[in-house]
Amino acid sequence: MRTTSLTERVDAYPTGWISGFAVRPGRALPFGATPVPGGVNFSVYSNHATAIILVLFRRGEREPMAELPIPESFRVGGVYAMVVFGLDVEGTEYGYRADGPFDPVAGHRFDPGRVLADPYARAFGGREVWGVPPDRADPYPYRARLAHDDFDWERDRPLHLPSEDLVIYEMHVRGFTRHPSSDVAAPGTYAGLVEKIPYLRELGVNCVELMPIFEFDEFENSRTDLTSGRALLNYWGYCTVGFFAPKAGYAATGPYGMQVDEFKNLVKQLHRAGIEVMLDVVFNHTAEGNQFGPTISFRGLDNHTYYMLTADGHYQNFSGTGNTVNCNNPVVRGFVLDCLRYWASEYHVDGFRFDLAAILGRAPDGTPLLNPPLIESLAHDPVLRDCKMVAEAWDAAGLYQVGSFPDYCRWSEWNGRYRDVVRRFVKGDPGTVGELATRVVGSPDMYARRGPGASVNFVTAHDGFCLRDLVSYNEKHNEANGEDNRDGESSHDSWNCGREGPTGDREVLALRDRQVRNVLVLLLTSQGVPMLLAGDEIGRTQQGNNNAYCHDDELSWLDWSLVERNSDLLRFVRVLIAFRHAHPGLRGRGSAQGPARDDVVPAVSWHGVRAWTPDWSQQSRLLAVMLRGGSRQPSDCVYVAANAHWEDHELELPAPPATLEWHLVADTAAQAPHDAYEAGSEPHLDDQFRVVIGARSALVLLARRQR
Amino acid sequence: MSFDVTLHLEQRAASMRLVGELDARAAPRVHELINEAAAHELDRLVLLMSELTYLSSAGLRCLVFAHQKMSPGVEIVLVGTRPKVAETIQLTGFDRSVTMQDPASAP
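Just so you know, the sequences run in chain order Y and U.
All residue numbers for the first sequence refer to our numbering, where the first residue is 864 and numbers rise by one.
All residue numbers for the second sequence refer to our numbering, where the first residue is 469 and numbers rise by one.
Looking at chain U on its own, in the form it has when it is part of the complex (with noise of 0.2 Å):
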């Protein structure tokens, strides 16, 4: 079980790069970085998520936690969710806070 997490950041987007499977363990360094992210003044969050293998209920809340964290008028941009995590995002209503950006993972 291995997790890795790296934060880019550009003038005023985001992206960051989720590798692995995030669960309890791995969440605070997520939580970490989002504060990092919430420090810039940004239009968009980007979280890059095609390598990210699994999400555990910690996990889906490192998205609500990136929701809370922003200002208000953040987009949350999930890009390449593969398709058993944009389920569980989906199942438990987490995909309200964010946007789904891949065709693979529409509803």
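The shape of chain Y in the complex, shown without the other chains (with noise of 0.2 Å):
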């Protein structure tokens, strides 16, 4: 069949001349630059702006080669749309001059003697190259440019995995490969990670979440260590300055503007083995700080509209950082939501948690919203349907939301109170099993309407300590951060198993060793998601650094001769993690399908020293909880017990489903391989009435058919 294509457009041609370049009136949506044939159309937005000047530069060059003013009659109501015909997209960059007024105490920033980045712009010059420090008097250092928005995504689409079997494993890109052991061509980038791909899949994880990738500059506040000389960066990156840009430094060939088609090619990658991509956003500040930090963009377009002011004109701090996005705005709810359909449909992100979300459900005073606009409509997008949504339901001013925050039905939380609670059960507080078994089957006591997918359980992530730290260091040592210990959380239950630190001792490493263990069978065989920090299945330490954000060397990166050294915790890591992929009991489905037909056992039970009778009691620090699920029969049916009591005990086993088994999945008081066993070579249980759990252990056993 013959199809005919449609005839030219009639508005690819220019009606005027402005400072040299043929333009036209432009299409006020969508925002941003936008390639259209012949040019490139021109939007961008200010409700408060008086006039608006497009500035062109060559690429890389200082001086402007072109400033083209906005007619007033290309205005649509506070848009300021034109199509500038005959660029070259590669190589050129662009920004905004906004005319108006100067008046802070009324909340107005304009200047129209700075070039503003547009806060749409899809990709930024400027940070090329990570590390090379940027040139302080340059009066345009981070450059929007054009990009490409077309790319050969094949067949990719995101992967909709269910919720709850993921298992999200934390991660820095940077990080991830810069550490010379890596062994990758690109130590550092996009392509570095899609070189270790096949060790995700190994692992198991099915979703990462990167830390910020969204243009940022690693020397805002950088400083040198004065004890080591060092030089301190915002390596973690909450700190965004292109809300619609991957970070150019952390592509191989971000000096080749090509930051854009790499970090496609790394989702197209992940998705092609089965791994999902989620994305830490920061929407809650921006990187221009207060009143004294650089002007970027939004300040200089409409600082009125962006910020959450005070009465008199000075910046809210809600996040800790100098100012607050105004995120219950209306204008600035269009950009939040413009941003990240941009991700989810342009660059097929899976998900994304966001930084701090409590400061998104404040109205523009500060005072939190029992319905907060921002909240509700990212939860009802159409294009974000499918994408997950994760909350760090928490802010810097003392709102905690675990449990409260607005969810629509929708949202998903990082669930600080699991992490709070497994890790003072793991450390052998009193007083803690109670709790402890309402957070193993998905929190119910905050989720139950949501379901297990709405409880992201952690134990450890980038804030606080690594997993070998807590369980080596009773206090944080944050020295080398430069602030004389002050920075980092305080509180962190952490024990540091009878050594402050390196040690020798081998009862000492023994115990940390299986403490790590311990913490790993809790995590993932709870309901609820479970998040892993990238290194903890290899036993990473950052020296007992609970807030390494600044420190781009060892103390950050991975280190990858850790897999070799600690194989027999990767291995223990990889086997639990196929278990529970294998059995849905685990993730919580099937738990609301009643009672199985072939047995009486019902989807959760407690356990203790004597089965049904667990011990709820002040001093118990033992828990052990029989899990049933699926829809297979018979049933797939999974015990979990935990002893944080330094002595052993004998527990008596709950009888198993009907023709089924006990068998020994995991041991932590075992030495490897016996600690961990894989599908198929579980060992029976001889005795299928009793089992020793050893002092400060976990055990798991499967019930199945003997072979």
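These aren't lab readings, by the way, just hints derived from the structure by calculation.
One or more of the hints may lead you astray.
As the list claims (entries may be wrong) - With a straight-line cut-off of 25 Å between C-alpha atoms, the simulated SDA-like cross-links for lysine to any residue are:
id: 1; chain 1: U; residue 1: Lys-552; chain 2: Y; residue 2: Pro-900
id: 2; chain 1: U; residue 1: Lys-552; chain 2: Y; residue 2: Pro-1043
id: 3; chain 1: U; residue 1: Lys-552; chain 2: Y; residue 2: Asp-951
id: 4; chain 1: U; residue 1: Lys-552; chain 2: Y; residue 2: Val-968
id: 5; chain 1: U; residue 1: Lys-552; chain 2: Y; residue 2: Ser-1044
id: 6; chain 1: Y; residue 1: Lys-1059; chain 2: Y; residue 2: Val-1047
id: 7; chain 1: Y; residue 1: Lys-1059; chain 2: U; residue 2: Arg-564
id: 8; chain 1: Y; residue 1: Lys-1059; chain 2: U; residue 2: Asp-491
id: 9; chain 1: U; residue 1: Lys-552; chain 2: Y; residue 2: Ala-1049
id: 10; chain 1: U; residue 1: Lys-552; chain 2: Y; residue 2: Glu-1058
id: 11; chain 1: U; residue 1: Lys-537; chain 2: Y; residue 2: His-1011
id: 12; chain 1: U; residue 1: Lys-552; chain 2: Y; residue 2: Trp-993
id: 13; chain 1: U; residue 1: Lys-537; chain 2: Y; residue 2: Gly-901
id: 14; chain 1: U; residue 1: Lys-537; chain 2: Y; residue 2: Asp-1012
id: 15; chain 1: U; residue 1: Lys-537; chain 2: Y; residue 2: Pro-900
id: 16; chain 1: U; residue 1: Lys-552; chain 2: Y; residue 2: Gly-954
id: 17; chain 1: Y; residue 1: Lys-1059; chain 2: Y; residue 2: Asp-951
id: 18; chain 1: U; residue 1: Lys-552; chain 2: Y; residue 2: Asp-1012
id: 19; chain 1: U; residue 1: Lys-552; chain 2: Y; residue 2: Thr-955
id: 20; chain 1: U; residue 1: Lys-552; chain 2: Y; residue 2: His-1042
id: 21; chain 1: Y; residue 1: Lys-1059; chain 2: U; residue 2: Met-568
id: 22; chain 1: U; residue 1: Lys-537; chain 2: Y; residue 2: Ser-1044
id: 23; chain 1: U; residue 1: Lys-537; chain 2: Y; residue 2: Gln-1132
id: 24; chain 1: U; residue 1: Lys-537; chain 2: Y; residue 2: Arg-1018
id: 25; chain 1: U; residue 1: Lys-537; chain 2: Y; residue 2: Glu-1017
id: 26; chain 1: U; residue 1: Lys-537; chain 2: Y; residue 2: Arg-872
id: 27; chain 1: U; residue 1: Lys-537; chain 2: U; residue 2: Glu-489
id: 28; chain 1: U; residue 1: Lys-537; chain 2: Y; residue 2: Glu-1058
id: 29; chain 1: U; residue 1: Lys-552; chain 2: Y; residue 2: Val-995
id: 30; chain 1: U; residue 1: Lys-552; chain 2: U; residue 2: Asp-491
id: 31; chain 1: U; residue 1: Lys-552; chain 2: Y; residue 2: Pro-1050
id: 32; chain 1: U; residue 1: Lys-552; chain 2: Y; residue 2: Gln-1132
id: 33; chain 1: U; residue 1: Lys-537; chain 2: Y; residue 2: Val-899
id: 34; chain 1: U; residue 1: Lys-537; chain 2: U; residue 2: Asp-491
id: 35; chain 1: Y; residue 1: Lys-1059; chain 2: U; residue 2: Pro-551
id: 36; chain 1: U; residue 1: Lys-552; chain 2: Y; residue 2: Ile-1060
Said to hold, decoys possible - To give an idea of the chain U side of the interface with chain Y (calculated C-beta under 8 Å), a few residues:
id: 37; residue: Arg-529
id: 38; residue: Thr-556
id: 39; residue: Thr-560
id: 40; residue: Gly-561
Cβ atoms here follow ideal geometry from the backbone N, Cα and C, with glycine treated the same way.
Fit the two chains together into the complex; they arrive one by one in their own frames, and the hints show the way.
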């Protein structure tokens, strides 16, 4: 069949000339700079500006090649839009000058002397190579660039894995492969991460949560640590410069301006491996800081709209970083929606984790809202419908909403209460067993309505101790951050197992090994969505630093030699993740289906030293749970016991479902390789009625037919 | 910044010699020749890359364009790609739709 293409557009020609460039009135939507036939459509909005000038640069040149005042007749409402013809998409950078009132008390800080980056810029020049110090004298250091939006996705699409089936792996793009031991062609980049996908597959995780990858400046607030002489950077990047642009310094091809393609290829290759991509997004503040910070874009385009201000025009600081994005202003809400829609549709991203999300629920004056419009919009947006939405449900000004975040039956949460109680239980605190029981079955006290997928369970994350340090340090050791150890969380429920930090004491080391495994058993058998911190599966240490945001060095980078050195631990984690994937009872699915037909084993039952007799008392340090799930017959049945007591206990086992017998999956008191058994190789328990759980140990049993 | 491209058609193979810097300005000419080659029944399209000194993102898109334009069975072979250009192709994942045929450019 012959197809006919549309006739040529009738608007692909200029209607006039400005500053030597052929132009015509642009389209207000979409915002940003969009390639159109023959040219580029520039669209920028400001409700308080009185005039806007488009400033064009040849790539990398400090002086503009042209300044094009956008004619009044090209303005639609507060949107200034213009098509410029004949631009070289690859060789052009652009910005805007915005004129308007300078009246800080009223909230306005217009300054037409400054070139501003487009908040919708899809790529940035200026920070193409990580670690190259910026030119502080450059009047336009973060340079909006044009970007190709076509990409050969082949058949790629987001994976749509059910939330409760995820095993999330939180990681830093650069830190994952920057260490010399990573043995990749382009260390510290998106391309480097592609080379490590086989490792992730073998580990068994099916979602990576990438710490911020929106364009940021690692030199923001950079300084030198006076004791070590080392440069301290903003390594983590929780400080966004460009919300629509992947960080160029994370791309090996950043110097060629191909960060967009390189990041898209990363997403495509992860999807091909069955791994979803979740982005850690920071909408609570920007890199502009307070009135003393740099003016990059928002402050100069419409300060009064984008930031929460006090009555006299000062910046509110609910984020702890100088400014607070005015998320529930309707214009800003639109900006956030546009941004996330862009990442979901243009980059095939599977989900988002929102940094300090409680701020997204504050009114322009800072008051927490019962029904925050932004969070509601995100929950119901059609483009975002299949994206995972995870809230870090607190902020830096004391709003703590774990369990009470306005969820619209849609949002999940980082379950901070899970982290706290698992830490306290494992170190042996009294009075934790009751709450632990609630947490390991998906925290129904908080999430019964939403289901276990709403609870992102974690014990460690980028903030705070990594797992090996959690069992090696009582105190944080952040001296290298250059803030006299004042920064970072101080209540962290850690226990060093008898010696602070590195030690040769074998008993202490053995106990630490066991404690690490105890945490991992709980995390990987709990209902809810487990999140691992990258490196915890191979015993990575930060030497007691629980806030390593500023270290672009061995302290932060993943040392791949640990894969060999701690191969036993890695194997243990792989076995448990595979076990989790194989047993729906651990994921809470099917538990609402009522009693199984083949027996009377309930979906969840609690046990102690005696079967069916849990000890909820204050002094109890032992908990056992039997979980049944799945629709297969006979039922899928798992028994998990955790003993935080310093003595062994003999446990009476509940009877497994009829025709099945107990087999050993994991025992943290046993030496590797007997600490974990792969599917099919689990040894049958000779005694089906009793089992011994070691001091400070955890056990996992599986009921299956004896072979 | 100069660029030159020539197309040579044989019975069931075409070869295209790329010389200089392939960027946004040069890409339309390459697209034209790819269209011309695609009009013939081919088993193979060989891109002679040894004189290509630079490949921009628009240039990379020429490779994808060739991949999409050619019939499914047509193999696209890049010969003699310089290391810097080969690296760009590999880091952005564009090497997966073509055959990189040269020991020097093997990953």
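Hints, verified against the model:
Restraint check: the Cα-Cα separation between Lys-552/U and Pro-900/Y comes to about 31 Å, which exceeds 25 Å; the hinted pair is violated. Between Lys-552/U and Pro-1043/Y the alpha-carbon distance is near 21 Å, which keeps this suggested pair within the 25 Å criterion. Between Lys-552/U and Asp-951/Y the alpha-carbon distance is near 23 Å, which keeps this suggested pair within the 25 Å criterion. For the hint pairing Lys-552/U with Val-968/Y, the CA-to-CA distance comes to about 54 Å; that exceeds 25 Å, so the pair is violated.
For the proposed pair Lys-552/U and Ser-1044/Y, the alpha carbon gap of about 23 Å is at most 25 Å, so the pair holds. Straight-line distance between C-alpha atoms of Lys-1059/Y and Val-1047/Y comes to about 8 Å, which keeps the hinted pair within the 25 Å bound. With a C-alpha separation of about 17 Å, the suggested pair Lys-1059/Y and Arg-564/U falls inside the 25 Å cut-off, and the hint holds. Restraint check: the Cα-Cα separation between Lys-1059/Y and Asp-491/U comes to about 31 Å, which exceeds 25 Å; the hinted pair is violated.
For a cut-off of 25 Å, the pair hint linking Lys-552/U to Ala-1049/Y stands: about 13 Å separates their Cα positions. Proximity of Lys-552/U to Glu-1058/Y is assessed by CA-CA distance (about 19 Å); at most 25 Å being required, the pair is judged to hold. Between the alpha carbons of Lys-537/U and His-1011/Y the distance comes to roughly 19 Å, so the proposed pair stays at or under 25 Å and holds. Taken as a hint, the Lys-552/U and Trp-993/Y pair is honoured in the structure, with Cα atoms around 19 Å apart against an allowance of 25 Å.
About 23 Å separates the Cα atoms of Lys-537/U and Gly-901/Y, which keeps this hinted pair within 25 Å; it holds. Between Lys-537/U and Asp-1012/Y the alpha-carbon distance is near 19 Å, which keeps this suggested pair within the 25 Å criterion. A hinted pair counts as satisfied when its Cα atoms are at most 25 Å apart, and Lys-537/U with Pro-900/Y qualifies at roughly 21 Å. For a cut-off of 25 Å, the pair hint linking Lys-552/U to Gly-954/Y stands: about 20 Å separates their Cα positions.
Proximity of Lys-1059/Y to Asp-951/Y is assessed by CA-CA distance (about 35 Å); at most 25 Å being required, the pair is judged violated. For the given pair, Lys-552/U sits about 24 Å from Asp-1012/Y by alpha-carbon distance, which is consistent with the 25 Å threshold. Between Lys-552/U and Thr-955/Y the CA atoms are separated by roughly 23 Å; this keeps the pair inside 25 Å, and the hint holds. Between Lys-552/U and His-1042/Y the alpha-carbon distance is near 23 Å, which keeps this suggested pair within the 25 Å criterion.
The hinted pair formed by Lys-1059/Y and Met-568/U meets the criterion: a straight-line CA distance of about 22 Å does not exceed 25 Å. Under the criterion of a C-alpha separation no larger than 25 Å, the hint pairing Lys-537/U with Ser-1044/Y is inconsistent with the structure, at around 41 Å. For the hint linking Lys-537/U to Gln-1132/Y, the alpha-carbon distance of about 23 Å falls within 25 Å, and the restraint holds. Taken as a hint, the Lys-537/U and Arg-1018/Y pair is honoured in the structure, with Cα atoms around 17 Å apart against an allowance of 25 Å.
A C-alpha spacing of about 14 Å is found between Lys-537/U and Glu-1017/Y, which places the hinted pair at or below 25 Å, so the restraint holds. Only pairs whose Cα atoms come within 25 Å are accepted, and Lys-537/U paired with Arg-872/Y is accepted, the gap being roughly 24 Å. With a C-alpha separation of about 22 Å, the suggested pairing of Lys-537/U with Glu-489/U holds against the 25 Å cut-off. The suggested pairing of Lys-537/U with Glu-1058/Y is violated, with an alpha-carbon distance near 29 Å, which exceeds 25 Å.
Restraint check for Lys-552/U and Val-995/Y: satisfied, since their Cα atoms lie roughly 21 Å apart, inside the 25 Å limit. Note on Lys-552/U and Asp-491/U: the hinted pairing holds, with a Cα-Cα distance of about 15 Å set against a maximum of 25 Å. Proximity of Lys-552/U to Pro-1050/Y is assessed by CA-CA distance (about 16 Å); at most 25 Å being required, the pair is judged to hold. The suggested pairing of Lys-552/U with Gln-1132/Y holds, with an alpha-carbon distance near 22 Å, which does not exceed 25 Å.
A hinted pair counts as satisfied when its Cα atoms are at most 25 Å apart, and Lys-537/U with Val-899/Y qualifies at roughly 22 Å. Distance restraint check for Lys-537/U and Asp-491/U: the Cα-Cα separation of roughly 19 Å lies within the 25 Å cut-off, and the hinted pair is therefore satisfied. Under the criterion of a C-alpha separation no larger than 25 Å, the hint pairing Lys-1059/Y with Pro-551/U is consistent with the structure, at around 22 Å. At most 25 Å may separate the alpha-carbon atoms for a hinted pair to count; Lys-552/U and Ile-1060/Y meet this at roughly 24 Å.
Restraint check, Arg-529/U versus chain Y: the minimum CB separation of about 7 Å is within 8 Å; hint holds. The interface hint given for Thr-556/U is met, as the beta carbon of that residue sits about 6 Å from the closest beta carbon of chain Y, less than 8 Å. Interface hint at Thr-560/U: satisfied, since its Cβ lies 4 Å from the closest Cβ of chain Y, which is below the 8 Å cut-off. The closest approach between the C-beta of Gly-561/U and any C-beta of chain Y is roughly 3 Å, which is under the 8 Å cut-off, so the hint is satisfied.
In the structure shown, a violation is registered for the earlier hints numbered 1, 4, 8, 17, 22 and 28, in ascending order.
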